[in-house]
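Okay, here's what each chain looks like letter by letter:
Number of protein chains: 4
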Amino acid sequence: MNTFGTKFRLTTFGESHGNAIGGVLDGVPAGLKIDLDFIQKELNKRKPGGKFATSRKESDKIEILSGVFEGLSTGMPIGLIIYNENQKSKDYENVKNIFRPGHADFTYFHKFGIRDYRGGGRSSARESAIRVAGGAIAQLLLNELSIEICSGIYSVGKVNHNTNLEDDFNKLDFKFVENSEIFSLYPNLENEFKNEILKAKKSHDSIGGSVGTIIKNLPIGLGEVLYEKFDAKISEAMMGINAVKAVEIGSGVFASEKKGSQNNDFINKNGFLSNNSGGVLGGLTSGQDVIIKTHFKPTPSIFLKEKTIDIFGNEKICELKGRHDPCVAVRGSVVATAMARLVVADMLILNLSSKLDNIKKIYNL
Amino acid sequence: MNTFGTKFRLTTFGESHGNAIGGVLDGVPAGLKIDLDFIQKELNKRKPGGKFATSRKESDKIEILSGVFEGLSTGMPIGLIIYNENQKSKDYENVKNIFRPGHADFTYFHKFGIRDYRGGGRSSARESAIRVAGGAIAQLLLNELSIEICSGIYSVGKVNHNTNLEDDFNKLDFKFVENSEIFSLYPNLENEFKNEILKAKKSHDSIGGSVGTIIKNLPIGLGEVLYEKFDAKISEAMMGINAVKAVEIGSGVFASEKKGSQNNDFINKNGFLSNNSGGVLGGLTSGQDVIIKTHFKPTPSIFLKEKTIDIFGNEKICELKGRHDPCVAVRGSVVATAMARLVVADMLILNLSSKLDNIKKIYNL
Amino acid sequence: MNTFGTKFRLTTFGESHGNAIGGVLDGVPAGLKIDLDFIQKELNKRKPGGKFATSRKESDKIEILSGVFEGLSTGMPIGLIIYNENQKSKDYENVKNIFRPGHADFTYFHKFGIRDYRGGGRSSARESAIRVAGGAIAQLLLNELSIEICSGIYSVGKVNHNTNLEDDFNKLDFKFVENSEIFSLYPNLENEFKNEILKAKKSHDSIGGSVGTIIKNLPIGLGEVLYEKFDAKISEAMMGINAVKAVEIGSGVFASEKKGSQNNDFINKNGFLSNNSGGVLGGLTSGQDVIIKTHFKPTPSIFLKEKTIDIFGNEKICELKGRHDPCVAVRGSVVATAMARLVVADMLILNLSSKLDNIKKIYNL
Amino acid sequence: MNTFGTKFRLTTFGESHGNAIGGVLDGVPAGLKIDLDFIQKELNKRKPGGKFATSRKESDKIEILSGVFEGLSTGMPIGLIIYNENQKSKDYENVKNIFRPGHADFTYFHKFGIRDYRGGGRSSARESAIRVAGGAIAQLLLNELSIEICSGIYSVGKVNHNTNLEDDFNKLDFKFVENSEIFSLYPNLENEFKNEILKAKKSHDSIGGSVGTIIKNLPIGLGEVLYEKFDAKISEAMMGINAVKAVEIGSGVFASEKKGSQNNDFINKNGFLSNNSGGVLGGLTSGQDVIIKTHFKPTPSIFLKEKTIDIFGNEKICELKGRHDPCVAVRGSVVATAMARLVVADMLILNLSSKLDNIKKIYNL
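Protein chains in written order, with the working numbering: chain B, 19 to 383; chain D, 19 to 383; chain U, 19 to 383; chain L, 19 to 383.
Since the hints were derived computationally from the structure, they do not count as laboratory data. No false leads were slipped in.
One copy or two, either will do: identical chains are not told apart, so a pair holds if it fits within one copy or between any two.
Here are the simulated DSS-like pairs of lysine-lysine, each with C-alpha atoms no more than 30 Å apart in a straight line:
no., residue 1, residue 2
1, 212, 277
2, 176, 276
3, 378, 114
4, 378, 193
5, 176, 189
6, 234, 378
7, 277, 176
8, 79, 193
9, 325, 114
Just chain B, with the same shape it has in the complex (with noise of 0.2 Å):
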């Protein structure tokens, strides 16, 4: 329900507008450096504020409540918690009985029976800030296997939109994209791209975009068979972001009006020679790099009119006050990282077993 993952698993907490956000993160193999400047450079990343996000003041400082002795990882849960600073439930009033368009209000009032106003509740995406510090945590796992993942911004609205990802990614620079606001994977769209999101800014609406994701060197035969494969908890995990409406993997919907003879991945002995399978075949991680892109609908939360209803079925008019991002892309780019690594470092621990010769590895047999 609210976990992720088998053996590195998180199990998250935290309203938007409550107390504190936080988590367990459980499964952290014993021995591991916990670098906390690490773990909360990610979470900056994705805090609010700036010109392309939402203005909501909070500085997400994170606090490791367990796991963690003498800066090492002990095998014990790793509790972590962030504390809510500036919380507006005020301005949710007037949106107190109606059911936002594009928001899970309708259905979480549903379903529940219950309506926590405030700021989407526990369907905020505020939420994802926990899954940003696992996974920061993940990825200190993922760095003494040298795996790297980036994600960013390749599409806002239709700018760069129908993009066949896997052609460029090799002239990606990971660190142009980290320190790029927008993490625009592409030094010369990042203007364009930062104009799309001003201009629908500027018009109180949001915008559409698409983030893709690289994760470089992977072991060979990651995920399980069958219902647990890697493109599928990758599926998973993205789908499972607010506002994703679409994943692909390596040549994604381009695969689905090509040829046999067009797609298929040919091999010599240097390796594969092209990439249409995006790093995964059969549902195991083959080596390449995996490419992942993932497309995120505009913020539903805009600032026009819109008709709606209240709980009690009445016809509305839903103006919204808040603050929220213009293009969830952007930060999304963020969570779709903590989300990989999640994913990867996951798989990592369940392919242990895979062969009796590993066992006996550990077991010194």
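Given the coordinates of chain B, assemble chains D, U and L onto it according to the supplied hints.
Quick look at chains D, U and L alone, frame taken from chain B:
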């Protein structure tokens, strides 16, 4: 690993060229009429044969070994078995040590250190017959709630690619789809789809295709927060089908190029005014029709020469024999329906405890 | 790993001498009145202090961080936290590198390669405070079904050992037990129990004890077939409490010395004529009172000299300081109640889907 | 529900009087030699027949349907099936509507609303044959680590009841136990045990018994913290065996009457000086022999008149026909070994990720 679902769950076993494939369906509520004819009819849709599928001859006769007494489910696990009949492992002698491009051979070999070369072994789509059987039993449960699920082909290769499915799904004739030899969603495109497939087949090649799945009459609120969302579980299920490379919900990829004011579904007292969300809001079903698009790559098994290597690293030319589907999306659409059925049944059951009122109702309080 | 339960589940974190202990309770149905006073009152029962427990001073004040809105559960995960106040890690300096006999030091060190010597770290019974908090919330749900659970001491050392609990549980006065300083099940034995404990304490030693748990008013049929049986889950829960070495259901160990004609519970139209089964038949609750016996070893922390080794393999004499319970069964009985509550709440929810009729009832068919 | 284990897991199906029983064993590492003769030999131990078991005639021939290729496990799920041969459902016609005292009839009927009267249906001990098969495959893995597990009878009725098993387990001769017709742990008590069983049988009654299980040569540190402890999982496994009413680890019930100074196991440089802990400290294995005591109630099926009611609430006299074990502990001991094997195999695999060093070792860092 080989289990799908939480409370309504299917565990499968079996390889393409072993003695049998089978599974255990656990969590079927007691008292459900088990209609064997319906289950077999569903299996027959996926069965090999005909111009548009592999020519492997299998009767795919399902046997139920347990969990049913005097025609009713007993609440006990339902054992399912289909004996394989038409294994031709000899077809694979020439690729015994070769990694077939686009196949799982390479990754399975590296993960497990074992090469079961016979027809893909476990990674073969043959296993999906058990998914179809499990899905059919799930549908018997869904019938009690009048939930309908239909999947079919909406594009083959470039024909009708990039369609916005939710614009016209209301015109869909489920009966037509079910009886179409290739499960075409559209009567007017059926022949064009067929020609595209046969063209690929004649050129010893294969072709990709896309499948639309529509779920009608779902209750509001199915899905769990925040890591077993309805759309996340659907994505996992669909991406876990062999050859699938992309999954979209509702407006899907298109959502990422739109503005919020275009993509939000407004509401009046009669309900939602559009369905860009594809029936899922905040990860929970909204009561609107659920719309899923699943993109299949072309069958990797083609009869053209392909560059590859063998398990010793030597460069080889792969020349396949055997019997293969020219467009795996066709039979894949039957599996898509099965997976959707399994997800919905599981979510219906998980949802039972969402409210205290539900629990009181069951325990007569 | 650090999660207990399937659909009503508690995940905990925290060490004895860290900043805080806490957890996430997931799966609480929405609409339940959350009575904080009751939860705190339950925690106070387990709280250190008094003649019969460790003198560590902790207020054990529980904070609820999420999942409750305007006094009602929202269906969202409930974040729980208790900040530690009275860590005296210095008490442990002298045993920093020493394996304390009867403790988890030896096994944790070898499993994780890390030595968190401060008061047992994660393996300390301190974590059980969160179990008690989670169990208290479970009880709020059980109250809706009038299910009562009571645990107490029925033997200390050799006093009243080998009692057949089911013979006299009907005479039990739950109010007396709750108010007894040592949670004695029997008024007439309370002083003898106390003396036995104080005698052990005075001799710098500790003493074992046994706990009886009675669950009244359960519905028939709780428990899953065949691997999550009610009694199996209870056993797992009880054996998982620190210091527990044996668990019995109903006639328990005595059952193994009886004949079938003695042990079978006959039935007439008013119900069962005896309760040797302890309320569980075929792993499912029978509607009779459930009777559980849980046996606690003496607290391993004693203040006598003990032979041991250090982490380098050198022979050492262990001389403990610190603050310890002379009879861990006393506070253990509070944890036993908590675990029983968690199991019952989970089983109530899992049982909702046992019959098609239940599903029809919820979805109004 | 019908699945046991996390990463090494067995899912079973099948009823006593259905066509077949079977299961899926998932998570077997690839490359393990699958010795069918050994598996069948283990099944033969549990097989009905002889003076001390039911006279139902079953060859219990196991078939492996998948997951094995050229004699080695492939990492794929292993499908297991045993066809039933000697169903005599007619024996049950006279109890068709009657609740047999001590049986699951009453609880299953109320939980599921269905009465499968044929020989206990799913609740019959017949299902345990698949546990034995799964356990035998687990043992093949344990053999690679030289882990030995032996179970046998140490008390029947009042004969040798209340023994402190850990005092004399070192004298146990595993070969003798295996070859004993009733799996007696002690040569000198075997005849007394047999007489006790035959005496019960002659008087149309049944008798309880207790089983000791010894696990030798376990690595230190198996078990998870804090809710999948080794002893907790063992308890769940053992209590989940039909007819078991109590489980003890190490000194077990006796621990609760002792002082800390008596019960703590001191350590010197050669290891532990006693084994009151039964090889488990803090829920993790200590490297000492694990000692488990499992108490079986007398078989509820007896051939004496018993008071009961039918499904309509009418009072009836139950007079059983059919074929039943006079002392279910005898064959139960074979199942106890199987369950211990399954737990150990699962724990071995779960333990692989306890330390960062292990992960580095596998991924060659």
